[in-house]
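**Student:** Chains as they are written, first to last, in the working numbering: chain V, 10 to 313; chain W, 10 to 313.
If you are wondering where the hints come from, they were derived from the structure by calculation, not from laboratory data.
It is possible that some hints are incorrect.
Same chains, same names: a pair is fine if it fits in one copy or spans any two.
What the hints assert, rightly or not - Below are the DSS-like pairs computed for lysine-lysine, each with C-alpha atoms no more than 25 Å apart in a straight line:
id, residue 1, residue 2
1, K16, K104
2, K16, K308
3, K115, K266
4, K115, K270
5, K308, K31
6, K164, K16
7, K180, K164
8, K104, K180
9, K180, K266
10, K16, K289
11, K222, K16
12, K104, K308
There are 2 protein chains.
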Amino acid sequence: MNDGEDKITSWFADQSDAPADKFPIGIGDDMAQVTADKGSVLITTDMLLDGTHFDLSEAGFEQAGYKAMAASLSDCAAMATIPVCAVVAVALPVKTPPEALMDLHKGIVAAGSMFGCYLVGGDITAWAGDGRFAINVTMLSKPGGCLPVRRSGAKVGDIVCVTGTLGGAIKDKHLHFTPRVEEALRMTEIVTINSMMDISDGISTDLKRICDKSGVGVTLDGRDVPLSMAAMESDDPLGAAMNDGEDFELLFTLSPKGYGKLIDEWDLATPISNIGVIRKETGISMVMKDGSVVEVVPKGYDHL
Amino acid sequence: MNDGEDKITSWFADQSDAPADKFPIGIGDDMAQVTADKGSVLITTDMLLDGTHFDLSEAGFEQAGYKAMAASLSDCAAMATIPVCAVVAVALPVKTPPEALMDLHKGIVAAGSMFGCYLVGGDITAWAGDGRFAINVTMLSKPGGCLPVRRSGAKVGDIVCVTGTLGGAIKDKHLHFTPRVEEALRMTEIVTINSMMDISDGISTDLKRICDKSGVGVTLDGRDVPLSMAAMESDDPLGAAMNDGEDFELLFTLSPKGYGKLIDEWDLATPISNIGVIRKETGISMVMKDGSVVEVVPKGYDHL
């Protein structure tokens with residue numbers, strides 16, 4: 010009997026408040042249907058694993074659901090796009106109680122509803138033997154007022170900026186962060202952002218990705234890297250800010266003129282820090298507190 | 010250093026032949042961009058697990074990739090929609106060699122390329138300790154010549170049909186099946202299909218889903234259920250056809266007049282069998298070889 014599966018699917022469908030004009034087909038059929046009024050959609054998929062991306066026994070299902078959705082919302086922000094909907098698939102350990110799925114749902118919806126992003130479908134499956142919890146979120150977004158902002162657009166002379174503060178996110182922030190969707194959409198209303206991504210593996214690694222894609226290098230000023238409280242409590246605050254990852258802040262570049270305009274007109278609470286400048290020569294170097302210059306080696310988290 | 014992850018992402022991007030006019034942004038950025046020329050997209054997500062949906066040591070990475078994509082293509086077929094693209098996320102056991110990802114890619118592309126469905130993004134992550142292989146495919150499709158065919162449209166008097174033959178798919182077919190995309194698109198060119206889904210959990214379970222969604226029941230003729238070779242080799246061929254699941258054939262209903270037209274004009278090799286009729290009274294009953302009538306209890310695979 011498949012009553013368990015079908016009952017849970019019905020429960021999920023009953024919770025949905027996705028408007029029928031935008032989502033003519035929702036949870037419970039073979040696929041969900043999403044209207045695409047802007048001529049294109051953007052798509053991102055991310056798999057989060059118990060023991061790798063969170064510790065389920067500490068975080069619980071609700072916060073695991075929140076983090077999985079928030080990480081995908083952060084990808085929408087990274088391209089300055091508007092979140093539309095998500096489908097979520099989970100692999101459950103044997104004997105996971107149905108209440109766990111309700112907790113999970115609560116976390117998913119809490120994150121999505123911050124930005125009008127609906128849960129429109131999913132898949133629930135269970136390990137046959139031993140197996141830890143895995144959750145996969147795939148999210149669709151649509152372009153905002155500009156073309157989606159790519160990693161590859163950094164130009165020589167661009168100012169390199171980050172939102173918020175960096176480092177030590179693993180202590181707590183990685184489960185509770187607010188994705189920078191509002192910030193990304195607001196900044197692209199004010200100015201043209203040349204390149205952007207979200208910081209998941211630490212800026213030493215993620216900046217290299219922007220540089221590699223754009224064919225440029227960067228000179229950072231270590232004194233300007235914004236340190237989180239958690240980073241400041243560590244033995245190596247700047248190292249934590251550069252390498253810890255999971256900050257889910259925005260890393261972006263724009264012209265010096267654009268930077269001036271952005272700072273003048275910025276009206277959100279989240280701080281923006283100017284941490285360096287894009288240069289022609291490849292590589293990443295950083296000016297330290299004592300005026301010395303060091304080469305930055307990517308030390309962020311490697312998923313493989 | 011994240012060279013491993015970035016190198017593999019680059020390798021995946023290099024393999025892509027997704028046309029830039031349809032996919033302005035492909036593998037390697039925070040999201041992929043997909044043009045949506047028909048005003049809506051459909052989305053499905055499915056997580057397949059080693060030990061549950063296949064045995065990786067037997068199937069291998071290539072066939073696991075093939076099956077995961079084929080299962081999602083089967084969902085596109087189930088709604089009579091045209092596959093567009095997919096994003097694929099994987100959770101790898103520790104020490105999975107890079108060659109395994111190339112094998113996986115081969116299987117993914119082999120399935121997708123049958124129907125012009127491009128791989129446009131993904132996520133590669135690894136278990137921190139013990140953990141078996143998991144693969145999640147999310148696929149986008151677009152409407153064909155008709156509205157997407159739902160589960161909920163079965164009408165009293167409709168003929169109930171299936172494509173192909175049923176039962177015993179676990180022996181081999183579940184890894185190698187051809188999704189019925191072509192069949193679904195062709196039949197909806199010929200006639201109006203009132204309800205449809207693909208058979209993943211066995212028709213005893215999947216027919217109940219159509220009946221529940223449509224508020225109807227069905228009388229089957231057990232003598233007309235098409236048995237696969239594998240089913241015929243089993244102790245209970247009809248039971249295998251009803252309950253085994255993983256057939257990935259189409260289960261659909263249409264008016265008697267439509268059925269006549271479909272059979273007259275059907276020009277594909279895949280057989281279509283008339284196995285029963287939709288009735289007003291809920292429940293599923295089946296006429297047996299000896300003329301007796303039995304109530305069908307859903308016995309398909311329950312994922313929970």
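**Student:** Are the hints correct? Go through all of them and say.
**Tutor:** Hint check:
Proximity of K16 to K104 under the C-alpha cut-off of 25 Å is restricted to the intra-copy arrangement: shortest distance 16 Å within a copy versus 38 Å between copies. Taking the closest pair of Cα atoms, K16 and K308 come within 25 Å of each other only across two copies (16 Å); inside a single copy the shortest separation is 46 Å, beyond that limit. In this assembly of identical chains, the alpha carbons of K115 and K266 never lie at most 25 Å apart, being 43 Å within a copy and 47 Å across copies at closest. Neither within a single protomer nor between protomers do K115 and K270 lie at most 25 Å apart by alpha-carbon distance, with minima of 40 Å and 48 Å respectively.
In this assembly of identical chains, the alpha carbons of K308 and K31 never lie at most 25 Å apart, being 43 Å within a copy and 36 Å across copies at closest. For a Cα distance limit of 25 Å, the shortest separation of K164 from K16 across copies, 23 Å, qualifies, whereas the shortest one inside one copy, 53 Å, does not. Proximity of K180 and K164 under a CA criterion of 25 Å is satisfied in neither setting, with 35 Å inside one chain copy and 56 Å between copies. For the identical chains of this complex, K104 and K180 are neighbours neither inside a copy (29 Å) nor across copies (27 Å), given an alpha-carbon limit of 25 Å.
Neither within a single protomer nor between protomers do K180 and K266 lie at most 25 Å apart by alpha-carbon distance, with minima of 37 Å and 66 Å respectively. With identical chains, the CA atoms of K16 and K289 are at most 25 Å apart between copies only, with a shortest distance of 23 Å across copies and 59 Å within one. In this assembly of identical chains, the alpha carbons of K222 and K16 lie at most 25 Å apart only when taken from different copies (13 Å versus 47 Å within one copy). When the C-alpha separation of K104 and K308 is checked against a cutoff of 25 Å, the pair qualifies only between copies, where the shortest distance is 20 Å, while the shortest distance within a copy is 38 Å.
Violation of the numbered hints given earlier is confined to hints 3, 4, 5, 7, 8, 9; the remaining hints are satisfied by the structure.
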